[in-house]
Amino acid sequence: MRATKRKFDFLDIILILGMILPLVAAIMLKVLFTPETHGVSITGALIFWQTDTPIGKLMITESIVNSWAIVMLISCLAVFLTRKLSVKNPSTRQAFAEWIVYHCEKLVGGNMREEFANYGPFIAAILSLSAFSSLSSLLGLHSPTSNINIVAAWASLVFVLITYYKLKLGPIYYIKGFAEPVVILFPINVISEFATPVSMTFRHYGNILSGSIIGTLIAYALGLLSNKIFGFLPGLLGDIPYLRVGLPAILSLYFDVFSACMQAFIFAMLTMSNVSGALPEGYIPKIRKKHRAKQQIVN
Amino acid sequence: MIELAIGIILGGCALGAGCAMIAGIGPGIGEGNAVASACEAIGRQPESKSDVTSTMLFGCAIAETTGIYALVIAILLIFVAPGRFVNILTEGIKAAKESGLI
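Going line by line, the protein sequences match chains R and S. Letter by letter, the first sequence follows residues 321 to 619 in the numbering used here. Letter by letter, the second sequence follows residues 94 to 195 in the numbering used here.
Every clue listed holds true.
Simulated DEER-style distance windows between Cβ atoms: (1) 133(S) with 409(R): 45 to 53 Å; (2) 340(R) with 129(S): 42 to 50 Å; (3) 430(R) with 98(S): 56 to 64 Å; (4) 169(S) with 571(R): 18 to 26 Å; (5) 188(S) with 378(R): 22 to 30 Å; (6) 101(S) with 384(R): 33 to 41 Å.
Because the hints were derived from the structure by calculation, they are not lab data. Note that the Cβ used here is the ideal one computed from N, Cα and C, for glycine as well.
Chain R on its own, in the form it takes in the complex:
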């Protein structure tokens, strides 16, 4: 018999508020700071606050605020899902959390070598951060992934990981790796090393940015078209852009929902294949050797 228990307690409510409030705050900030314009305009992220530092201008932009809101949302969601774990009496929440963990482990296990079995959390973090950031444009927010700097930060993280694993066999082996198969190809190999994060950045950011720009342009064009068609109606009735209702949503389904999830998945897949391919073939981790020795002693 299932024990009767309260479904939500105080901390749960705080966590749910912690998921919703940052997004509401971001929307409020956007509404407060948007300058009064007529018609549709394509601009970059809004600048909330800026100051001069010796290095250059320090700006708090919409992208930074939104990405922190997304980080808050994901952290609160993770804590919310993993509260009150129990072996005997799992709740729906726990089942959902286990489903997520199981699928992330499966994804990592299927695409990376067995040395990287503990990469599940990292890949899940990248996947959820990217997907939620891109999907935040559904709420009318400027999605953080349409800013090149934020995606470039994630890609440079991947670059650091790749270099770390390539350096596992020592710096000489690392430099020698560039001179393969012929020494003349050295500069080209160095360029291709830097091309990996750059291409990851541009792929993700270009897709999301182009989606938002095309959506805006089509909304603008539909507004003009409905002005031409329904402009003869008297007074206020003629000013309402009828065609803009609903029609851009169909495109948004592709550009905002499908493309966002697809790009998040591709970013995670590329991260996995690049990091996994960076480890030299002949490398045997030292921890495993110790582990094996211990096991032999136990046996």
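Start from chain R and add chain S according to the hints.
Here is chain S on its own, set in the frame of chain R:
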């Protein structure tokens, strides 16, 4: 005279954006080939539909990259570059007037 210069800048940026988007041909052909092969594979083995579809989508997204590069360049040329170039032009003219060259 400065109006003519600004007009040339805007026209050059628009032409450049249009030329950049010629790169859209490549991904179009490539993705068409990929989808055609995927359709053939599904026709031959309908039970492997989900695997083929996911692999095809992944490949398509990779093949799209060059087109996206071109799109980014076109977007920069249309929305960012004209303002920058006009700023450079006006500042240059101002500096030249101050130093007495014009």
